[in-house]
Amino acid sequence: DAKTTQPTSMDCAEGRAANLPCNHSTISGNEYVYWYRQIHSQGPQYIIHGLKNNETNEMASLIITEDRKSSTLILPHATLRDTAVYYCIVRAREGGNQFYFGTGTSLTVIP
Amino acid sequence: GAVVSQHPSWVICKSGTSVKIECRSLDFQATTMFWYRQFPKQSLMLMATSNEGSKATYEQGVEKDKFLINHASLTLSTLTVTSAHPEDSSFYICSARPAGGGNTIYFGEGSWLTVV
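Respectively, the protein sequence lines represent chains A and B. With the first sequence counted from 1, adding 611 to any position gets you my numbering. With the second sequence counted from 1, adding 463 to any position gets you my numbering.
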């Protein structure tokens, strides 16, 4: 699976949009981009995933660049409960199902 | 939907004893489950992949005789830490992939193991 690069930490003001970037320059054509988050001392929570089109659900939006080498997770109106570590993972649809986690981005939402 | 439950949430055991952690998919069947370990301030490390009815596949460096994994049904996988030592103290997390399609995996709440 392709490796991902994320900033170690970010801050965001409560109520503002949080934009979390992820670089995956070696992504293959059959690899999806997944985002999970982990609130302290809990299991990771699925947020969203996509292949090449932008995606939106009730939690967030995922913007994938046209060359697919990077993506941005957008939390439109961050709340204090969004403070967590956010992981960007790329994996192929076929073959192994394993999810390998990188170091993620620690997002702190500030009141 | 897609709820994964782990039990116990936390456990303390004496050094040299074994401890079992259960992972259940509550509202779906899971042909594949995964076990992770996470040390404080670190990311999740995949330990093994568990397929229902077959032997688990362990990641490089993970001792299969120490971390016994059983996936006897489509809704239950167990991780047994044998002859536990203080260095095995960690946060153990399982995840499950729903059978019948879809590639998203869902995680349990995690289990804290402290070996004293």
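The hints are simulated quantities; they were obtained by calculation from the structure and are not laboratory data. Misleading hints may appear alongside valid ones.
In silico BS3-like pairs for lysine-lysine, Cα to Cα no more than 30 Å straight-line [what the hints assert, rightly or not]:
no., chain 1, residue 1, chain 2, residue 2
1, B, 518, A, 680
2, B, 477, A, 614
3, B, 518, A, 663
Facing chain B, according to a computed beta carbon distance under 10 Å, are these residues of chain A, among others [unchecked claim]:
no., residue
4, 647
5, 655
6, 687
7, 688
8, 694
9, 698
10, 711
11, 713
12, 719
13, 722
C-beta: ideal position from N, C-alpha, C; glycine also.
A quick look at each hint next to the structure:
1. B:518 to A:680: violated, 36 Å
2. B:477 to A:614: With a Cα-Cα distance of about 38 Å, the restraint between residue 477 of chain B and residue 614 of chain A is violated, given a limit of 30 Å.
3. B:518 to A:663: Violated - the C-alpha atoms of residue 663 of chain A and residue 518 of chain B are around 35 Å apart, more than 30 Å.
4. 647: holds, 8 Å
5. 655: With a closest approach of 5 Å, the residue 655 of chain A hint holds.
6. 687: Check failed: Cβ of residue 687 of chain A comes no nearer than 21 Å to chain B, outside 10 Å.
7. 688: violated, 24 Å
8. 694: violated, 15 Å
9. 698: holds, 8 Å
10. 711: holds, 6 Å
11. 713: holds, 6 Å
12. 719: violated, 15 Å
13. 722: violated, 24 Å
Checked against the numbered hints listed earlier, the structure breaks hints 1, 2, 3, 6, 7, 8, 12, 13; every other hint is satisfied.
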